[in-house]
Amino acid sequence: MTERLEQTKIMHRIVQHNGTIYLGGIVADDTTASMTEQTSQICKKIDKYLALAGSDKSKLLSAQLFITDMSKKDEMNTAWTEWVPASDLPARATVGVADLGSPTTLIEVVVTAHL
Amino acid sequence: MTERLEQTKIMHRIVQHNGTIYLGGIVADDTTASMTEQTSQICKKIDKYLALAGSDKSKLLSAQLFITDMSKKDEMNTAWTEWVPASDLPARATVGVADLGSPTTLIEVVVTAHL
Amino acid sequence: MTERLEQTKIMHRIVQHNGTIYLGGIVADDTTASMTEQTSQICKKIDKYLALAGSDKSKLLSAQLFITDMSKKDEMNTAWTEWVPASDLPARATVGVADLGSPTTLIEVVVTAHL
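Residue numbers (our numbering), protein chains in the order written: chain A, 17 to 131; chain B, 17 to 131; chain C, 17 to 131.
Everything labelled a hint here was simulated from the structure, so no lab data went into it.
There's no promise every hint is true.
The list makes no distinction among identical chains, and a pair is therefore deemed to hold if it is satisfied within one copy or across any two copies.
Calculated cross-link-like contacts (lysine-lysine; reagent style DSSO-like; alpha-carbon spacing at most 27 Å) [what the hints assert, rightly or not]: (1) Lys64 <-> Lys25; (2) Lys25 <-> Lys61; (3) Lys60 <-> Lys25.
Isolated chain A (complex conformation):
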């Protein structure tokens, strides 16, 4: 069974199949904010989408964090580790990329989780 939720023009923000949940890439709504704040905004949105899918952050499997300024990785990690309890941290990769759609978008996060 496949469940698709939160449709936009170009994706479903949430797709669940066979107990695995795939979220679309998430950026902050307010990209004038700092890296820490953008990351926190994204984490709140992940909470919201996982709740809609019937899951939560204790069930994260993997995360990819695309960031445009690797020098701000520590700022990002501050928000990240405040958000996920240490025992629940998913597998993670952080990759420094060229462009996330606007000059002030510092981070985009893609996660998978389970039901």
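Use these hints to put chains B and C onto chain A, whose structure you have.
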């Protein structure tokens, strides 16, 4: 059960395990084409590989679109939304990257789907 | 059942759920080494993490290779194809990115596998 199909020197283009299908990264064959056309070429290749795996675009789970020129995102989305019916759109992330192997390669797409 | 192993401050290097294994992004320990050598170091670390999860490189499903210098892709492939037997090659995408955390880090690899 794991099924691997379409072997190249460095990957299998299609790997299926336990009902989940992983495709290797796909670029256009003709990279002199526009972003819209390169994206359409890629979508046709995804159709072909999913068919070989016994699936189709109505069963997409997630997609990552790596592009070298974010200003052409709308052109990309034109081809994308012509290809996937709105109700079947997968979770998606678009990331602007530095290099996709040749100066004219504008987009590379990675998808997962299910049987 | 979810199994998380090898906890760091910001992730678990290994997460297994329902028979699918997600590894965190892996870079070489010695980034003064060549692309071929960095890739070989990473492959050895993947072997180690997959063994801890109860799997091995014959059970790879997908791989994403993020590299900072696409001109060294052939060097990377030399180490890659020495490591994985042709019949076991996973689905793969190679993406040229801006920054992997240090100026000499040439490659970061993310893989999924199965039990």
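A quick look at each hint next to the structure:
1. For the identical chains of this complex, Lys64 and Lys25 are neighbours both inside a copy (20 Å) and across copies (24 Å), given an alpha-carbon limit of 27 Å.
2. Both within a single protomer and between protomers do Lys25 and Lys61 lie at most 27 Å apart by alpha-carbon distance, with minima of 18 Å and 22 Å respectively.
3. For the identical chains of this complex, Lys60 and Lys25 are neighbours both inside a copy (22 Å) and across copies (20 Å), given an alpha-carbon limit of 27 Å.
Violated hints: none; the structure is consistent with every hint.
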